[in-house]
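Residue numbers (this note's numbering), protein chains in the order written: chain A, 1 to 390; chain B, 1 to 498.
Everything labelled a hint here was simulated from the structure, so no lab data went into it.
Hints are all accurate, no fakes.
Okay, the calculated bits of chain A under chain B, using three or more residues with CB under 8 Å as the criterion:
no., stretch
1, 241-248
2, 257-264
Restraint ranges, calculated between C-beta atoms of paired labels, are given here:
no., chain 1, residue 1, chain 2, residue 2, range
3, A, Val-70, B, Arg-11, 52 to 62 Å
4, A, Ile-139, B, Glu-308, 54 to 64 Å
5, B, Arg-236, A, Ala-356, 56 to 66 Å
6, A, Pro-214, B, Leu-360, 42 to 52 Å
7, A, Thr-12, B, Arg-11, 22 to 32 Å
8, B, Lys-380, A, Leu-217, 45 to 55 Å
9, A, Thr-12, B, Pro-245, 50 to 60 Å
10, B, Ser-67, A, Phe-372, 32 to 42 Å
11, B, Leu-15, A, Thr-12, 23 to 33 Å
12, B, Phe-393, A, Pro-214, 38 to 48 Å
Some chain B residues well away from chain A (every beta-carbon gap over 10 Å; in silico):
no., residue
13, Ala-14
14, Leu-110
15, Ile-136
16, Gln-202
17, Ala-203
18, Ile-247
19, Asp-255
20, Arg-267
21, Gln-289
22, Asp-483
Heads up, the beta-carbon is just placed ideally off N, CA and C, and yes, glycines get one too.
This is what each chain is made of:
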Amino acid sequence: MRKFLGNVRDNTLLPFLAFIFAFFIGGIIIVLSDPVVMGQLSSPGKFLTSAGAKIGNSYLAVFQGSVFDVNLSRQSGLLHGFYPLSETIVTSTPLILSGLSVALAFRSGLFNIGAQGQFIFGAIGASYVGFNYDFPPVIHVTLAILVGVLFGGVFGGLVGLLKAKTGAHEVIVTIMLNYVAALFILWLLKTTVFLREGRQDPLAPEVNPSARLPKMLGENLRIHLGIFIALLAAAFVWWLLNRSTLGFKFRAVGANANAARTAGISIPFVTTVTMFICGGLAGLGGAVHLLGTEYALAAGIAGSLGFDAITVALLGQATPIGTVFGAFLFGALQTGGRTLLSNTGTSPDIVQVIQALIVLFIAAPALMKMIFRVKKSFADKSMTAKGWNG
Amino acid sequence: MSLELKAITKRFGALVANDQIDLKVEKGEIHAILGENGAGKSTLMNIVYGLLAPDSGSIIVDGKNVSINEPSDALNCGIGMVHQHFMLVPVFTVAENIVLGHEQSKRGLLTLEEAKLKIASIAKEFKFEINPDAYIEDLPVGVQQRVEIIRALMYDAKVLILDEPTAVLTPQETDELLTMMRTLKQKGTSIIFITHKLREVQAVADKITIIRLGKVVGVTSPSSSKEELARMMVGRAVDLVPNKPPINLGKTILDVKNLSVFNAVGRKIVNKISLEIKAGEILAIAGVQGNGQSELARALVNLESHVEGSIRINNQEIVGKSVRDSLRSGVAFIPESRELDGLIGSFSIAENLILDTHDLAPVASSGQLNKDYIRENAQKLVKEFDVRAQSIFENSSSLSGGNKQKVVLARELSRTVELVIASQPTRGLDVGSIEFVYERLLAERSAKRAVLLISSELDEVTALADRIAVIYKGEIVGIVSSDVSREKLGLMMAGITS
Numbered sequence: 001m002r003k004f005l006g007n008v009r010d011n012t013l014l015p016f017l018a019f020i021f022a023f024f025i026g027g028i029i030i031v032l033s034d035p036v037v038m039g040q041l042s043s044p045g046k047f048l049t050s051a052g053a054k055i056g057n058s059y060l061a062v063f064q065g066s067v068f069d070v071n072l073s074r075q076s077g078l079l080h081g082f083y084p085l086s087e088t089i090v091t092s093t094p095l096i097l098s099g100l101s102v103a104l105a106f107r108s109g110l111f112n113i114g115a116q117g118q119f120i121f122g123a124i125g126a127s128y129v130g131f132n133y134d135f136p137p138v139i140h141v142t143l144a145i146l147v148g149v150l151f152g153g154v155f156g157g158l159v160g161l162l163k164a165k166t167g168a169h170e171v172i173v174t175i176m177l178n179y180v181a182a183l184f185i186l187w188l189l190k191t192t193v194f195l196r197e198g199r200q201d202p203l204a205p206e207v208n209p210s211a212r213l214p215k216m217l218g219e220n221l222r223i224h225l226g227i228f229i230a231l232l233a234a235a236f237v238w239w240l241l242n243r244s245t246l247g248f249k250f251r252a253v254g255a256n257a258n259a260a261r262t263a264g265i266s267i268p269f270v271t272t273v274t275m276f277i278c279g280g281l282a283g284l285g286g287a288v289h290l291l292g293t294e295y296a297l298a299a300g301i302a303g304s305l306g307f308d309a310i311t312v313a314l315l316g317q318a319t320p321i322g323t324v325f326g327a328f329l330f331g332a333l334q335t336g337g338r339t340l341l342s343n344t345g346t347s348p349d350i351v352q353v354i355q356a357l358i359v360l361f362i363a364a365p366a367l368m369k370m371i372f373r374v375k376k377s378f379a380d381k382s383m384t385a386k387g388w389n390g
Numbered sequence: 001m002s003l004e005l006k007a008i009t010k011r012f013g014a015l016v017a018n019d020q021i022d023l024k025v026e027k028g029e030i031h032a033i034l035g036e037n038g039a040g041k042s043t044l045m046n047i048v049y050g051l052l053a054p055d056s057g058s059i060i061v062d063g064k065n066v067s068i069n070e071p072s073d074a075l076n077c078g079i080g081m082v083h084q085h086f087m088l089v090p091v092f093t094v095a096e097n098i099v100l101g102h103e104q105s106k107r108g109l110l111t112l113e114e115a116k117l118k119i120a121s122i123a124k125e126f127k128f129e130i131n132p133d134a135y136i137e138d139l140p141v142g143v144q145q146r147v148e149i150i151r152a153l154m155y156d157a158k159v160l161i162l163d164e165p166t167a168v169l170t171p172q173e174t175d176e177l178l179t180m181m182r183t184l185k186q187k188g189t190s191i192i193f194i195t196h197k198l199r200e201v202q203a204v205a206d207k208i209t210i211i212r213l214g215k216v217v218g219v220t221s222p223s224s225s226k227e228e229l230a231r232m233m234v235g236r237a238v239d240l241v242p243n244k245p246p247i248n249l250g251k252t253i254l255d256v257k258n259l260s261v262f263n264a265v266g267r268k269i270v271n272k273i274s275l276e277i278k279a280g281e282i283l284a285i286a287g288v289q290g291n292g293q294s295e296l297a298r299a300l301v302n303l304e305s306h307v308e309g310s311i312r313i314n315n316q317e318i319v320g321k322s323v324r325d326s327l328r329s330g331v332a333f334i335p336e337s338r339e340l341d342g343l344i345g346s347f348s349i350a351e352n353l354i355l356d357t358h359d360l361a362p363v364a365s366s367g368q369l370n371k372d373y374i375r376e377n378a379q380k381l382v383k384e385f386d387v388r389a390q391s392i393f394e395n396s397s398s399l400s401g402g403n404k405q406k407v408v409l410a411r412e413l414s415r416t417v418e419l420v421i422a423s424q425p426t427r428g429l430d431v432g433s434i435e436f437v438y439e440r441l442l443a444e445r446s447a448k449r450a451v452l453l454i455s456s457e458l459d460e461v462t463a464l465a466d467r468i469a470v471i472y473k474g475e476i477v478g479i480v481s482s483d484v485s486r487e488k489l490g491l492m493m494a495g496i497t498s
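Only chain A is shown next, with the shape it has when bound in the complex:
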């Protein structure tokens, strides 16, 4: 039990310290980038007061924009005050799913850069079933999600199969397939099947109401059932890794492929199946995002989700629970960033700076150790995939 607690401490301490330190540096950058505050540098007392106020207001605005807004609740009721939280959850949902995809791959020793492409294919599959068919409500949405999972799974499984059969490195293949997916969706949206009637720009029809994920708290808040699907998926990945025989194989190959092979575990099998499941998770992300939030397939459906997913998985130390927290944090930062400019005049780009700093500090455990004088070495914890020869 002591050991278990020790592990929890090690796993959470590093991201936590990175988080604190990133906000600290972010604060300095907020001050440096404000000419008004910097203009007061000649009188230190005034400068410190306004710098403190500036940082405080900026982070308060991020909180207001991502969790709870007092003004909104005064205007239209307590529930509506949580509109920002609903937005955070809506943003986090696809991040959780694509983050799980990357995290699971990490644990099997694979670096899945392809969550972006798998996400796009999931969205394509869900969109087609969603607008092209008519089924009873529950069946329709379930079917659309399953097709999305299958599309993403096949697109990811292809990578695993190529690696298993030919040794093609998954990083190269997934990067290339991301381009394939991005260009394929552009082409697809111009075909008569997908192009919305009367439109010239690449936009598909909205999915039928029977294929949409139901909203949970009324029409005014965008929060939908997708968050439960994402949390269920996280629980599934936890079970897979920690309780199932398949996950045991994954972890064995990820931790020491030689020993796994010597013990009779087939590495080509593990590679293929892992990438299929990872693709399926990212595809589920695409399907849920489309059926719950977007409804209509557009070329930019994935935004930068597939790449944020890598960051989220890193932040979560490649564990399912950590990935969920990482995704919520990123979702909150992104939604909070939107109100930053209007409320305080601080550039919303600061949010991206903070995100980047968090990743940087997590990737440099020795640096965090030095700054915070933590005795226990983070350095011997390795969780990412091995290098090019792995």
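Got chain A sorted already, so can you dock chain B onto it with the hints?
Positioned in the frame of chain A, the structure of chain B alone reads:
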């Protein structure tokens, strides 16, 4: 030159690697330091050579206190070291390697003439044979080691530290090294000889310091018996030659015919080997490392991908099947490298114990691991195989070498098997663990299993095997019985059969 260490203490966290160690090496003395793995020999030598700093204690050279903070200080004091793993550039010549770091140049060009003259004079003085223009990669291991020794002598080493120098040598090369050491001694060079091989210590040492658990437990002379030395080293009486019950042969279990193994670029590593092992016997494959024995062992469980010929286990052909199929046809496989192939360092002992049975009942049912069974299984095996660990949930990487090997043995031997393949099963283990491995392998023999032992240790081969097949350059040069003389076996390992 004399070297004296006084009360050297070195701690790593809570572990005291060296505890108040005193050592005195006289001029022209071969001083053996004997101790098990982890006893603190290497730590002590790394302190003397300036690779580690002691927490307390002093180093005295010719009566004067010296401070050695890095290897160059050690060299300036006349202390040279030959590491267990050679520090040579394979594509450079002998002379180029020797001048490395001390190159002389004329008008910007490297000149080796002076160095070659000096090498020749050292070779003459100490009766070495060496060609300064030969490339390192073309030289046998024993000659490469000679290059390392010459390099130390070039920079006027008066005290030479040899760290486990015989681990990589054939018996003949070992004898040559021992002769060389005697010559060096006559010329006044002192040698610190680190080893755990008792025979060599008795053959060459003037004085023996025995270290156990970081402390000097005794200073003795080579006239002490092997049993006495082993007892001091381990701390209790040790069975060096295990008791082998009479042989009781059964049916043929392993039948290999015309087996060839090729490496990734198509070179033949194992050439048309045929052998047969019956239930109840131990067949040893003896040979110097790198003669194809590792590949042969791996091929028997289908870990090699380019294989020709036939391997039958219990009359079942297994060539072309998967690793998993070969293991499940009744083979226990103890791989050469515990850390690389045997265990997953970041997995717990309990998880490592189910590595190859994780998806079979009773370990798993309907795709899910049976946590209770895994825990009980680990508790049982840890007790049965005497694995010393704080808990079965401890990561295997934190175990000592001996305990790691016990985990591998426990996993492989607890399955129902008919053939046991053990590849270098005692490499790097301490005497106590070696004794344990021997007992287990002999127990398998008594239980009427066929055992294939692959080893480069002559003592191990002769103590355990019923028959010995000697491998040289991928071919079996002969199969002899275990009462063969060391000399004959040594010659066969060098490829000489007549």
